[in-house]
Amino acid sequence: MNVDKDLVAAMATPLVLAILVEGRSYGYAILKRVRELSAGDLEWTDGMLYPLLHRLDRLGYVSTEWGESDEGRRRKYYEITERGREQLADQRRQWETANRTLGGLWGLTAQTGA
Amino acid sequence: MDLDTHVAEWRASILRSRAVDPADADELESHLRDRVTDLRAAGLDDDEAFLIAVKRLGQVDALTAEYARVHSDRLWKQLALSRTDDEPRRPFIAMLAFAALAVVLNQTARLLTLSPEPDAWLLRDVGLVIFTPLVGYFAVVRRMPLRRSLVLLLIIGVLAAAVTLFPFSADSATSLIVAIHLPIVLWFVVGVAYVGGEVRASGRRMDFIRFTGEWVIYLALIVLGGGVLAGLTALILSPIAPDAIGEVLAWVVPSGGAAGIIVAAWLVEAKKSVIENLAPVLTAIFTPLFAVMLVVAAVGYAIAGLGREFDRELLTVFDVLLIVVLGLVVYGISARDAAKRVGVMDVLRLVAVVAAILLDALVLGSMIARVGELGFTPNRVAALGLNIVLIVNLFVTAVLLARIVWARTPAARVERWQTDYLPVFAGWVTAVVLVLPAVFAFR
Chain F
1 MNVDKDLVAA MATPLVLAIL VEGRSYGYAI LKRVRELSAG DLEWTDGMLY PLLHRLDRLG
61 YVSTEWGESD EGRRRKYYEI TERGREQLAD QRRQWETANR TLGGLWGLTA QTGA
Chain S
1001 MDLDTHVAEW RASILRSRAV DPADADELES HLRDRVTDLR AAGLDDDEAF LIAVKRLGQV
1061 DALTAEYARV HSDRLWKQLA LSRTDDEPRR PFIAMLAFAA LAVVLNQTAR LLTLSPEPDA
1121 WLLRDVGLVI FTPLVGYFAV VRRMPLRRSL VLLLIIGVLA AAVTLFPFSA DSATSLIVAI
1181 HLPIVLWFVV GVAYVGGEVR ASGRRMDFIR FTGEWVIYLA LIVLGGGVLA GLTALILSPI
1241 APDAIGEVLA WVVPSGGAAG IIVAAWLVEA KKSVIENLAP VLTAIFTPLF AVMLVVAAVG
1301 YAIAGLGREF DRELLTVFDV LLIVVLGLVV YGISARDAAK RVGVMDVLRL VAVVAAILLD
1361 ALVLGSMIAR VGELGFTPNR VAALGLNIVL IVNLFVTAVL LARIVWARTP AARVERWQTD
1421 YLPVFAGWVT AVVLVLPAVF AFR
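Read top to bottom, the protein sequences are chains F and S.
Positions 1 to 114 (my numbering) are the ones given, in order, by the first sequence.
Positions 1001 to 1443 (my numbering) are the ones given, in order, by the second sequence.
Only chain S is shown next, with the shape it has when bound in the complex:
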């Protein structure tokens, strides 16, 4: 390696601390290079000179800690929404515009559903109201070419036409299933817009998976803040206008939610470094806890056996559980330092996944028996299908994790598997929305 590479690596390690800004790094680098020049003049070669110069500058940790003491404000400024001049304005303006659009759409839909007999299709279309602005936001921010934007529009149009025009019967079970699955299908459409249409690039897909997790965290934080705001609003209004509270909240809460979805997406990119550090910490905290919970549950179910109480709700709960476990594993793996050796966390992830699979296999077995007894219903097909899609994914994930632990294969394999698998998820939920209702004659 030549001197410039060494210096670049050292510079990157200094900059990793938020307390050192690029101008400080310039100053330190200038110092380092002055020292190297002097040492080389004294007869040392590049490597020796670099080593001594770095050592004389001091341990990176101690140095950045000292910077942090002097510039403690910088650590906080990272969190504030200051905009530096070289940052593009476009995403910010697009965020405001699409947040406004989302609010308008959302309120329009709300007012339409206020009629005494809201049409069932309005409820099914809620997902469209929520996610279409987000798709538009990314299409604009990513400067998608017209043709790709039109394709996105076409996809949304087909989905909207299908869920609106399908002749669902009254109290139709498939209608509810479509309402639940449509947002997930639309989330994949958001994904297509997020990656700027480059759906084949594995790296971009992984970015989208990471984006999903970070977006969820930001949205949860916004919802928390919004809850405090709504609660205080209600308390403050209660002495003067107790009757207006319901009306005010009915306007504010949905608007805030609709806008929050866009704002969260914008925040993920604008304040990347903040949550990027938080997501791995959260997975690190919860992976061991989930591993314990899953092992206990698996053992419990294996000993106690499954009662007859098994129904769709429980299978849905298991679907959610599998998704959470998958999320913990994927975010844990993607934050894992590739150069690091196998650690406790790798083993814990494997334990969590294996326990989840065993637990789910028990449930799945009983479900299949039940379907054999009672036949298929739309709900059972939807829940069972998702469960199978998930368990196949987790099974391969478990094999890959085991290989990481025992055969020391690179962790990137797990990421690759997840990104390759995304179309299966997308395909299944799309089939549930577009095909399943017809199969069951819109009952």
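Isolated chain F, as found in the complex:
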């Protein structure tokens, strides 16, 4: 299934923040987690994750720290901040509203269609 680009873009921030709630992580691992969660349905150009992460950093939703990978390569880790958690909670409310609204409507049509 192909998810519309605009929808993917809209989902990106809450998705990344929600993954970071599970613990601090780095770009490649975040992408792997997205793929896992969506069973491959969410197609994302890998590189685009990084400008997004940098924007979240600038907004103060995440903090960053350079660490090392097992192979000794430099790796940048991202950790969600208190402001990031607030932002995520806010976005979550918005998504739930959207879900409820559409879900109610579609639940209804599904019943009448049956």
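Simulated from the structure, these hints should not be mistaken for laboratory data.
Be aware that a few hints might be false.
PhoX-like, lysine-lysine: derived pairs with alpha carbons at most 20 Å apart [as the list claims (entries may be wrong)]:
{"#": "1", "chain 1": "S", "residue 1": "K1271", "chain 2": "F", "residue 2": "K32"}
{"#": "2", "chain 1": "S", "residue 1": "K1055", "chain 2": "F", "residue 2": "K5"}
{"#": "3", "chain 1": "F", "residue 1": "K32", "chain 2": "F", "residue 2": "K5"}
Position chain S against the provided structure of chain F, taking the given hints into account.
For chain S alone, kept in the frame of chain F given last:
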């Protein structure tokens, strides 16, 4: 090619965008290598894994555009004069010191020439006042060994002694010619200091040619800014101290000019990336325009013929024109992507050069006829000599450009020819300064 080479090339292409800084590149490279490791674990070989990993990261253009959107400030910071910690302080301090020295020398010379009857040698020495600090600046910044520095000092000393002590007669034509040519000779001395004394290295010579163009652009920008500053100063002072304006500007303008020469040289190296992009753009804009102008002029002159109005001024104008054309070609060629195929610009450069040669040949022919009629004067020899030096250079340049267009020879040949030719220029202007006055008995 192995994986590291691939990654290094890809990294360089990402970094070409000013919006991506080395730390971002590290992050992306780390991602790329993680992906390659996973793909190889799935059974792909290095090349396949690299290709897929790069494709998944996305088009370099789209990616850097996204970075630019997030980090738009970075594009501007490139222009600001921030100093990172790993940048050496030495050039900056040397710049300040030599700019101050240049100002002091310049003002001293100005005050000396203020006397009611300034000696003619003072006017001839202006070039020395202007360029000696620049030579010193590069000798210090390049950490030239003592012996080479002494050689430079000796050269400047010989030039200074010659132009100061030569027994020029009053209202001497050769005196003026020396005053005009001395700065050019000194510019080559600056060049020797710029390349740190490695005058034989062709690559370093080319660096100096590029430096010359970038320095001219920076200096022009500084002069523009200085003009605005001087104009506003005059306007602001006029209500309170209208009489002081002349005096203030007489102190500020020469000082600013003298310092600007050093600051421009420092800027060329400190802010390399900024003008490096500008010079090729300027040549790209002006090469076609000059090509059109030259073709029109050549046709015009060929049809209308040359009047009797030909004099030294016009030949000097043609010397300047040839230098500009040469500059456009050299900077255009040196910015040309070696891997790129022959394009319109290559043809345009060839057209410009050929038209310039034809035009100059017409002028030169008439000049030589005139010299035959009226004999040699110092002015004619100086203008004619430079013209011949230039036209020989342009002729060979035209042949090499034609080979690039038709025979697909590498463009580096043109660069090589220009760097090899530099000593001819230097030799000619030095001869004009040191030998020509004596030949004409300092008239």
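Results of checking the hints against the structure:
Between K1271/S and K32/F the CA atoms are separated by roughly 41 Å; this puts the pair beyond 20 Å, and the hint is violated. For the hint linking K1055/S to K5/F, the alpha-carbon distance of about 18 Å falls within 20 Å, and the restraint holds. A distance of roughly 19 Å separates the Cα atoms of K32/F and K5/F; the hinted pair therefore holds under the 20 Å criterion.
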